[in-house]
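Keeping the supplied structure of chain X fixed, place chain H upon it in accordance with the hints.
One line per chain: the protein sequences are X and H, in this order. So our numbering is basically just the index in the first sequence, starting at one, shifted up by 12. So our numbering is basically just the index in the second sequence, starting at one, shifted up by 12.
Because the hints were derived from the structure by calculation, they are not lab data. All the pointers check out, no bait thrown in.
Covered by chain X, according to a simulated footprint, are these stretches of chain H (three or more residues, beta-carbon under 8 Å): (1) 134 to 140; (2) 171 to 181; (3) 196 to 206; (4) 209 to 216; (5) 236 to 246; (6) 258 to 264.
Listed next, with one range per pair, are the computed distances between beta-carbon atoms: (7) X:R236 <-> H:T269: 29 to 39 Å; (8) H:N202 <-> X:T162: 24 to 34 Å; (9) H:D223 <-> X:S47: 22 to 32 Å.
Note that CB positions come from ideal geometry on N, CA and C, so glycine has one too.
2 protein chains.
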Amino acid sequence: MIRHICIIGAGNVATHLSLSFYKKGLTIDCIHSRSIDKAKKLALQVDSDFTDQADKIPKNSQLYLLCVPDDAIVPVAKSIHKHSNPKAIIAHTSGSASSTTLQRFFSHFGVFYPLQTFSKNRELIISEIPFFITASDTKTEKELAALAKTLSKKIQIISDKQRMVLHVAAVISNNFSNYLFQVSATLLKNNDLDFSNIKPLILETAAKIQDKDPKDMQTGPAIRKDQKTIEHHLDFLKDYPELKELYRFMSQAIQKTSS
Amino acid sequence: MIRHICIIGAGNVATHLSLSFYKKGLTIDCIHSRSIDKAKKLALQVDSDFTDQADKIPKNSQLYLLCVPDDAIVPVAKSIHKHSNPKAIIAHTSGSASSTTLQRFFSHFGVFYPLQTFSKNRELIISEIPFFITASDTKTEKELAALAKTLSKKIQIISDKQRMVLHVAAVISNNFSNYLFQVSATLLKNNDLDFSNIKPLILETAAKIQDKDPKDMQTGPAIRKDQKTIEHHLDFLKDYPELKELYRFMSQAIQKTSS
Numbered sequence: 013m014i015r016h017i018c019i020i021g022a023g024n025v026a027t028h029l030s031l032s033f034y035k036k037g038l039t040i041d042c043i044h045s046r047s048i049d050k051a052k053k054l055a056l057q058v059d060s061d062f063t064d065q066a067d068k069i070p071k072n073s074q075l076y077l078l079c080v081p082d083d084a085i086v087p088v089a090k091s092i093h094k095h096s097n098p099k100a101i102i103a104h105t106s107g108s109a110s111s112t113t114l115q116r117f118f119s120h121f122g123v124f125y126p127l128q129t130f131s132k133n134r135e136l137i138i139s140e141i142p143f144f145i146t147a148s149d150t151k152t153e154k155e156l157a158a159l160a161k162t163l164s165k166k167i168q169i170i171s172d173k174q175r176m177v178l179h180v181a182a183v184i185s186n187n188f189s190n191y192l193f194q195v196s197a198t199l200l201k202n203n204d205l206d207f208s209n210i211k212p213l214i215l216e217t218a219a220k221i222q223d224k225d226p227k228d229m230q231t232g233p234a235i236r237k238d239q240k241t242i243e244h245h246l247d248f249l250k251d252y253p254e255l256k257e258l259y260r261f262m263s264q265a266i267q268k269t270s271s
Numbered sequence: 013m014i015r016h017i018c019i020i021g022a023g024n025v026a027t028h029l030s031l032s033f034y035k036k037g038l039t040i041d042c043i044h045s046r047s048i049d050k051a052k053k054l055a056l057q058v059d060s061d062f063t064d065q066a067d068k069i070p071k072n073s074q075l076y077l078l079c080v081p082d083d084a085i086v087p088v089a090k091s092i093h094k095h096s097n098p099k100a101i102i103a104h105t106s107g108s109a110s111s112t113t114l115q116r117f118f119s120h121f122g123v124f125y126p127l128q129t130f131s132k133n134r135e136l137i138i139s140e141i142p143f144f145i146t147a148s149d150t151k152t153e154k155e156l157a158a159l160a161k162t163l164s165k166k167i168q169i170i171s172d173k174q175r176m177v178l179h180v181a182a183v184i185s186n187n188f189s190n191y192l193f194q195v196s197a198t199l200l201k202n203n204d205l206d207f208s209n210i211k212p213l214i215l216e217t218a219a220k221i222q223d224k225d226p227k228d229m230q231t232g233p234a235i236r237k238d239q240k241t242i243e244h245h246l247d248f249l250k251d252y253p254e255l256k257e258l259y260r261f262m263s264q265a266i267q268k269t270s271s
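The following block holds chain X by itself, in its conformation from the complex (with noise of 0.2 Å):
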């Protein structure tokens, strides 16, 4: 059972996963991060060493995680393996990376991907996000499954190719869906209008689909075939010419979706 962590990181993730470890009870070594500033601040909060030198790490970690974007997870491995428990697991908690990129430094390796969007002085239940595992063998596999379990109820073992998927989804739904909240945003401000008008509708697009079908959800102008309204709003959006083709493409690909 994994008791001793090292975190490489000291991002959003890094911040929320050490938390959380803190919390139920395991030791966090050391925070390694370049930034000596962001590792000292989150390892004064988790008890924990901390180190801007990859030779400085401890060599008594059972696990060395690492929260860092996703073009560092090979320079950072590379650079730690030398110093850290040859026996240790290593893992990155990235959507996209495969897991074998790790394979080169150390015998056992995989990816410990909480699939949720993490911000700094955002409290999060963490015990509600859905963490998904990946590792180089069963036994791996098993260790990084319990360390989940400490912290979610939502534990799933995948693929690399279906970790690539719901990273895909998570894109799709995360990061589109904000910008479609972005464009509106600034639509409504050049027209008087103030943002907050629609947080309400907003948060009830998302709280409808928790426990209904997407699909039988959709409502408005495209789903209902309203050419009128369609084309009087991109009329509208005319002084738009990129929100308008936004509108366009969206509206038709609703259009698609139910004939």
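Just chain H, lined up with the frame of chain X:
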């Protein structure tokens, strides 16, 4: 002060508004719908008469509130105006139809637009829903605003043009987002993954922007110009040509906002 209301329609908006008025102690004189069954069902809940005949609507109502599809507004207004109280206000509840569509049939007309997505069997906190009022004259405007205030804390007087902007923003934020959730659900299902895995992410995406600017909340491969992940995702999506097009379109749009 409006105390006596005749509701035209028996769908989701009619149901939510009728029940809310009734709870606030206002009198629903009658539910008028083409479907006598739906009219009766709703009337029983709000202690009112019901009819499917335009010439049977009450003459003493102070407000005839049209909760009908956009293309039914003019035909319904035409069918009821000879049988209604000529001093009464007529208002529709549509985001897209102009207030002036009612001008031909009534002296006092307006729009009573609640900006929310209404579904049967889903409770909504009506006091949190923003209501937007547009009216033919100041007196009507005041009457409709006072009525809205009995239900909600958030009332605003706006122009027809502004209501259209709100409606466009609502379509983008609600209908288009819901479409993104729908395609995510399909993609997951096709890869033996459950849609419920990304439901917490969807809720958090909506929750985040309640007190933050969506522009500052954007994450993911597009905004960080992670072309490697984008290409990886596009390659995976080659089996889903429409989704691939959506992914490319949205990623480019997000990247434009940051350049």
